[in-house]
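A.B. asks: Residue strings, one per chain:
Protein chains: 6
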Amino acid sequence: METVNILVEALPYIKKFHKKKIMIKYGGHAMIDSAAKSSTARDTVLLKYVGMKPIVVHGGGPEISRSMNKLGKEPKFIGGLRVTDQETMDIVKMVLVGKISTEIVANIGLHGGKGVGLSGKDNLLLKACKRSPQVVVNQETGEEQMVDLGLVGEIESINPEILDVLTENDYIPVISPIGVDDKADTLNLNADTVAGEIGGKMGAEKLIILTDVPGILKDPTDPGSLIKKVTIAQVKELIEDGTVRDGMLPKVLTCISALEKGVKSAHIIDGRIKHSILLEIFTKDGIGTMITP
Amino acid sequence: METVNILVEALPYIKKFHKKKIMIKYGGHAMIDSAAKSSTARDTVLLKYVGMKPIVVHGGGPEISRSMNKLGKEPKFIGGLRVTDQETMDIVKMVLVGKISTEIVANIGLHGGKGVGLSGKDNLLLKACKRSPQVVVNQETGEEQMVDLGLVGEIESINPEILDVLTENDYIPVISPIGVDDKADTLNLNADTVAGEIGGKMGAEKLIILTDVPGILKDPTDPGSLIKKVTIAQVKELIEDGTVRDGMLPKVLTCISALEKGVKSAHIIDGRIKHSILLEIFTKDGIGTMITP
Amino acid sequence: METVNILVEALPYIKKFHKKKIMIKYGGHAMIDSAAKSSTARDTVLLKYVGMKPIVVHGGGPEISRSMNKLGKEPKFIGGLRVTDQETMDIVKMVLVGKISTEIVANIGLHGGKGVGLSGKDNLLLKACKRSPQVVVNQETGEEQMVDLGLVGEIESINPEILDVLTENDYIPVISPIGVDDKADTLNLNADTVAGEIGGKMGAEKLIILTDVPGILKDPTDPGSLIKKVTIAQVKELIEDGTVRDGMLPKVLTCISALEKGVKSAHIIDGRIKHSILLEIFTKDGIGTMITP
Amino acid sequence: METVNILVEALPYIKKFHKKKIMIKYGGHAMIDSAAKSSTARDTVLLKYVGMKPIVVHGGGPEISRSMNKLGKEPKFIGGLRVTDQETMDIVKMVLVGKISTEIVANIGLHGGKGVGLSGKDNLLLKACKRSPQVVVNQETGEEQMVDLGLVGEIESINPEILDVLTENDYIPVISPIGVDDKADTLNLNADTVAGEIGGKMGAEKLIILTDVPGILKDPTDPGSLIKKVTIAQVKELIEDGTVRDGMLPKVLTCISALEKGVKSAHIIDGRIKHSILLEIFTKDGIGTMITP
Amino acid sequence: METVNILVEALPYIKKFHKKKIMIKYGGHAMIDSAAKSSTARDTVLLKYVGMKPIVVHGGGPEISRSMNKLGKEPKFIGGLRVTDQETMDIVKMVLVGKISTEIVANIGLHGGKGVGLSGKDNLLLKACKRSPQVVVNQETGEEQMVDLGLVGEIESINPEILDVLTENDYIPVISPIGVDDKADTLNLNADTVAGEIGGKMGAEKLIILTDVPGILKDPTDPGSLIKKVTIAQVKELIEDGTVRDGMLPKVLTCISALEKGVKSAHIIDGRIKHSILLEIFTKDGIGTMITP
Amino acid sequence: METVNILVEALPYIKKFHKKKIMIKYGGHAMIDSAAKSSTARDTVLLKYVGMKPIVVHGGGPEISRSMNKLGKEPKFIGGLRVTDQETMDIVKMVLVGKISTEIVANIGLHGGKGVGLSGKDNLLLKACKRSPQVVVNQETGEEQMVDLGLVGEIESINPEILDVLTENDYIPVISPIGVDDKADTLNLNADTVAGEIGGKMGAEKLIILTDVPGILKDPTDPGSLIKKVTIAQVKELIEDGTVRDGMLPKVLTCISALEKGVKSAHIIDGRIKHSILLEIFTKDGIGTMITP
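Chains as they are written, first to last, in UniProt numbering: chain X, 1 to 293; chain U, 1 to 293; chain G, 1 to 293; chain F, 1 to 293; chain L, 1 to 293; chain W, 1 to 293.
So here's chain X without its partners, still in its complex pose (with noise of 0.2 Å):
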């Protein structure tokens, strides 16, 4: 009786986001373990069979470096950026689309989804170009200095013709945040960027965004002083004074950058928490942040 009860109180938001495009991105968190990549992969196959349109974007930090270590390579990190030189690329390549990307893409088939992994290449749907050098901060001495980060890039344009034949036909694409330029050369991007971007050029209702942190805390130090509802305008004065700072500052530009290409709801939550996903839709007051235009 309970089940069905729930079903039925699920029901408005089947309906509110029946045939809408819901833009996931996947951080290395919800891949800890497979149970966690299985259940993942069926919620999100879960969205896929009540109507919704899911697009899932998946990063995968650790389980490069990772790699990288076994060749005995280190990783180089500045001011919270990979440093990718050739080699490097071709272990975040083989990483991303030939390991995470398959094995999220058949997780969500053993469920019952069609999944189909693309990468930036695929019909060149992420074109971009090298980052030019930039002024980072050294965050130990506090000095300035120019950093060449190598074949890390940015995206110049996004080709979604092959993301709407998938989606039409009922598939549930996986994309690596890898980018190709003109030469046909690979470029390192960032995957809450991919997600936002691809978001607002398809016109997702929402951009979800799976992290480790439960979301925007008033005091990060506290997880109980979660903010659940911001607005874009809110958010900003947030950033100002220092409420949103680190490695949730570029989330929440993400978040923005998206809200404003016409994305309808911008969220991030924490994706340790089994079926956070479900949790953010289907219930009232959802279990992270979310921004709103």
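Hint data in this document are derived by calculation from the structure and do not stem from the laboratory.
Just so you know, these numbers come straight off a predicted model, no measurement behind them.
Careful, some of the hints might be misleading.
Unchecked claim - Within a straight-line C-alpha distance of at most 25 Å, the following computed SDA-like cross-link-like pairs (lysine to any residue) qualify:
| # | chain 1 | residue 1 | chain 2 | residue 2 |
| --- | --- | --- | --- | --- |
| 1 | G | 21 | G | 293 |
| 2 | F | 183 | L | 87 |
| 3 | X | 15 | U | 39 |
| 4 | U | 19 | X | 133 |
| 5 | F | 15 | F | 201 |
| 6 | F | 201 | F | 181 |
| 7 | G | 261 | G | 274 |
| 8 | X | 16 | U | 42 |
| 9 | F | 73 | L | 87 |
| 10 | U | 19 | X | 72 |
| 11 | X | 130 | X | 89 |
| 12 | G | 274 | G | 61 |
| 13 | F | 19 | U | 157 |
| 14 | W | 73 | X | 110 |
| 15 | W | 201 | W | 49 |
| 16 | L | 274 | W | 274 |
| 17 | L | 21 | L | 168 |
| 18 | U | 20 | X | 167 |
| 19 | G | 183 | G | 167 |
| 20 | U | 284 | X | 110 |
| 21 | L | 228 | L | 212 |
| 22 | U | 183 | G | 72 |
| 23 | U | 284 | U | 42 |
| 24 | G | 16 | F | 284 |
| 25 | W | 19 | F | 165 |
| 26 | W | 20 | L | 212 |
| 27 | F | 284 | U | 182 |
| 28 | U | 127 | F | 11 |
| 29 | X | 20 | X | 219 |
| 30 | X | 183 | X | 133 |
| 31 | U | 16 | X | 51 |
| 32 | W | 127 | X | 110 |
| 33 | X | 183 | W | 274 |
| 34 | U | 20 | X | 18 |
| 35 | F | 201 | L | 165 |
| 36 | F | 274 | F | 127 |
Said to hold, decoys possible - Listed next, the stretches of chain F that the computed footprint assigns to chain L, with coverage defined by at least 3 CB atoms under 8 Å from CB atoms of chain L:
| # | stretch |
| --- | --- |
| 37 | 88 to 100 |
| 38 | 261 to 267 |
Each residue gets a CB set at the ideal place from its N, CA and C atoms; glycine is no exception.
Got chain X; can you put chains U, G, F, L and W on it based on the hints?
C.D. replies: Only chains U, G, F, L and W this time, still in chain X's reference frame:
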């Protein structure tokens, strides 16, 4: 959290019946009060939103009798069947099509579904001919008598075109059991039979008949003696040994006929229980009797 | 030979209205006896077969009053409008949807057309709200009084989706003037208004209103004073100078409103004349009054 | 009123032949003067507008002979068939395709139809091979002689694709009886045969051959001896007993062949009578001979 | 190996013009002998198979004059334009539509293309009106005279529907420059103009005019003085300074008009050179003159 | 001029294979250096642009071994098959899907094609099960041993849906030979087998296997002894008499299997030769061995 676990538990059923047609026969008992009507409509809309194609057939005996009484006309039954003269036929038609069907359709609309009421006259959906007089046993005297029930019909042919057009365009057809003969006159049809025949013609996955008993009972006086699952062969034995008798008999015969025409399973459930349709579809054991080929 | 000459003479009209939507309002008078009903249905089917897209709206005042009398309930009118309490509303609904509409639909089927009956509840075709109490002049005493007509509605919005689906698939929709409010309750609507509003919304070519007078008469007592053709501007003058008054006034206002919403011509014709619809469409002079923008 | 009664009388025929293909063979006699041409074109357009799919095949013997005479070239026939050398073939092609077909097409356009002229060369509609020399009886001397008629062809295969594309898009194809061999050279075909073969291939409902006689006559000298209706079996007897002979024979054989390929009825009618096509289709008795399987 | 290298070299052009419409005007010179005709047809089919949408317009001046001579009728020109009386018009129509067009279409079929011949009469493709008498300078005496050229027309409107249907279904339309006036009568049109106007209407990528000169020559007496590429502005100067004059002038004006209507480039090439169309499209420099906006 | 003659010579092949599916197996040898990779991609794009539907399957043995060596893991083969433990499987997957496939896809994009990379996991394209241990003859000692190759799979079923969607929308699928079992785990598949099986399932016209030998050689030591054309029957004899042996044997068996499933011809060609695919398709004699049923 509960909410979401249960959604996840429903996924296998949602997948299994994806894009499948589900014939539902509402009896008068699912229409006792406006809360029950609203609830049944909402459950039907939920089926649609999670990907199935529900088609509703409704009855309305008690309401018809009430209307006849208001008009100072006494309802008359022989062998459980309503004797239908022209005036009665007019009342039947007005109550079923004008009152009950419009109410179901409006309730479906209220819950976000796209209901459309149909009778057998719409695009000649249900061609029928008058039933020939039949031998009926007077249950009091035990005597046999030839009875002409008047404007009671038998289905000659079903023209499913309008149902195809509507279900392909995401509508929920709501069908009144009214037939049309070759002079455009109206005939009274049995709603269970209409549901079973249309289910067979349309290749429905399920035929669900809402009644006011828990299902087939081993001992009709003991609601605890419910038979959960039974095959055609087994239920035929139950007919022969008299377990299935009286009002249950025609329902079971309708189920057998639908199964023989290709329906995958037939269900006799208790329409008085809230969310009985959902409980039958989304739980492992269901709540009534399931008959399979 | 005659036969064929006439077919050839009809060709220019057949061409002119090819694939055009023709809104037809059947009044009670096109439904006097079964011969008239059959004839009007056949004419409607003919329009469909020679390439037009007829959409029917029907009324049913006399039949409703007859049914009320049978139930010992006296029909009550104020300012020409039916006072509609809940019981009356039930009767209105049953008569219009359950009796008149099914009969029209069956007659269309009998003549080879694909009729489908709809009320404003089907896919919420006619969303309405209760009319606020209005000042009505008592025609006997000349006194003004505030009158609440009860469950009489005004159209708030039209959802033409189901009409598009049906007409594109060669069906002839037959619409009962019943509205639905936001609580799924029923409201009594004026059939002329419904025909005019739907005609405007659907971009109909023609609105044809069948009445029991020859059209607009210069002198209402002289059937020979028929005005054959009139523009909006001219008919507004006829209203001002009192030529158009009483029962003709709301019909003319409906025509003006429909023309202003894009209908190409509105026709008020005598539904008592056999084949009046065809005579109006397929002959140079028509038989009633044509109003053009 | 007359007008409309007759439209109503035509309805059963309009319904019966709705969306059906009607093959019409225009002989030279439906093209005597520009009034006749215009009238025949208008009748064809009428068929289209009331829902049928007419396909026209035309002949043009007299016009060809006139053009040959102008060029100082004497037409030559053996056994009723035109001896066709290369120069004659050029004239045949120019007259049929360049003159007669364009005129029919323009007349169809003038009456609001969408005519498109085709010859057997368009998308290789009519693949043909040269007829082998045949034994012909000299009708004067009674002697047999082997005759090579030159560039006279027999249909090898029909490629109906272009006809399907055109009829589905509401065009009226107008076909000149010109075949193409496998070297892209032109062959002279018999127009009746072309009409019959295409009718069979396209699954036409009717084949209507316009001639300059009333139909099959019991006594060819008595126009009053018209046979209205005849089956294949009966007409074969009429062939055997010599009633069907001379110029009527090949027409009847064409009809039999078309019926055997699936055409529902074949009609031989008098093209000199105004509106003969319509009279045959829209009246109970028709005006010529109808042959049925 | 050579073969394949060249295919690979053609790839950029194949890509660039993929699914683009290419208007080709065949002059009499591409139709000198059957080898030339076959070759031009094959080249056109090749364009189709590698993904373009060729549309052919043909002329036929020399052939028309030959036919007139055969009939003992002297062709007459004033100011380079054919004086067209009714008899001449009949010959023009028969030669263009009945002879030249059918031959092109058959050759296209022979090489595996799906050619369909059209004149301006088919679905009223080219509506025209008679040219008003014009002042023409007698080139011998220098005197001006008012000249009525007879049945020579000017395009009033183009109805591209049939061209859309055919090109979307992979046919190659072959158009004879014959117009139709509002009485269904025939008018003689200039083939270059027809090609240019249709090209503009259809949004063609290229207009290619096959002539018997290498293109626009700086010095008309020196074939080596070919101008390879020129803009509208530049070619207007060439008109003003007299470089473009005589027979080249109307062709260039047609090109300018087509470019101004949206055609991307216009080409005047030498139709006497084998494969001239392909050489112009698939080589970097082409072989004639390309005019661009 | 040359250019164009050759295009014209290619026309018969372009026509013959129009809209036909062409399965191409790229071996490691078509991927030696970036020039070869670019060239092979461009040739594939050319096939698409001239109207065929290429589907690519790629291998990658040498690259996999290189990656294993980098990770300090020694590749191990038994009977020519790679022994695949879990760690090796991860490397295989990352190299094939993450490195080689993305590179091919990017190169296709660079040349204007719409490449999309797929593995057997995408929509469960290649369902596989683990190969059971097999008897393998140790080629050095001649001893037989039971060998379990680990995560090496056999194709159980192919789900071509995603390939249909992609090829119908003008994409070029690029498939990595990775299978998925019913637990969503990965299995290593033979690329030749994958190409052959998919070719058979999709009804491909051709299967082209790029290798590093000229084709089937009468005398494997003499490249001049190439067999140009051979039937299934003949090649079976070549297997029996030992002409086809070693590495060539599985390739030929794959070809035979594909032909028996309906592929029209199978080709074994030298992928080291520039434009080998085009040479095989567009020249009369081809450059390798063609096997026909």
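A.B. asks: Could you run down the list of hints and mark each one as holding or not?
C.D. replies: To see whether the hints hold, each was checked on the structure:
| no. | hint | verdict |
| --- | --- | --- |
| 1 | 21(G) - 293(G) | 17 Å, holds |
| 2 | 183(F) - 87(L) | 33 Å, violated |
| 3 | 15(X) - 39(U) | 16 Å, holds |
| 4 | 19(U) - 133(X) | 53 Å, violated |
| 5 | 15(F) - 201(F) | 23 Å, holds |
| 6 | 201(F) - 181(F) | 19 Å, holds |
| 7 | 261(G) - 274(G) | 30 Å, violated |
| 8 | 16(X) - 42(U) | 15 Å, holds |
| 9 | 73(F) - 87(L) | 18 Å, holds |
| 10 | 19(U) - 72(X) | 52 Å, violated |
| 11 | 130(X) - 89(X) | 13 Å, holds |
| 12 | 274(G) - 61(G) | 21 Å, holds |
| 13 | 19(F) - 157(U) | 24 Å, holds |
| 14 | 73(W) - 110(X) | 31 Å, violated |
| 15 | 201(W) - 49(W) | 24 Å, holds |
| 16 | 274(L) - 274(W) | 30 Å, violated |
| 17 | 21(L) - 168(L) | 11 Å, holds |
| 18 | 20(U) - 167(X) | 21 Å, holds |
| 19 | 183(G) - 167(G) | 29 Å, violated |
| 20 | 284(U) - 110(X) | 21 Å, holds |
| 21 | 228(L) - 212(L) | 16 Å, holds |
| 22 | 183(U) - 72(G) | 32 Å, violated |
| 23 | 284(U) - 42(U) | 21 Å, holds |
| 24 | 16(G) - 284(F) | 28 Å, violated |
| 25 | 19(W) - 165(F) | 20 Å, holds |
| 26 | 20(W) - 212(L) | 39 Å, violated |
| 27 | 284(F) - 182(U) | 23 Å, holds |
| 28 | 127(U) - 11(F) | 23 Å, holds |
| 29 | 20(X) - 219(X) | 34 Å, violated |
| 30 | 183(X) - 133(X) | 20 Å, holds |
| 31 | 16(U) - 51(X) | 15 Å, holds |
| 32 | 127(W) - 110(X) | 11 Å, holds |
| 33 | 183(X) - 274(W) | 21 Å, holds |
| 34 | 20(U) - 18(X) | 18 Å, holds |
| 35 | 201(F) - 165(L) | 23 Å, holds |
| 36 | 274(F) - 127(F) | 34 Å, violated |
| 37 | 88 to 100 | holds (count 8) |
| 38 | 261 to 267 | violated (count 0) |
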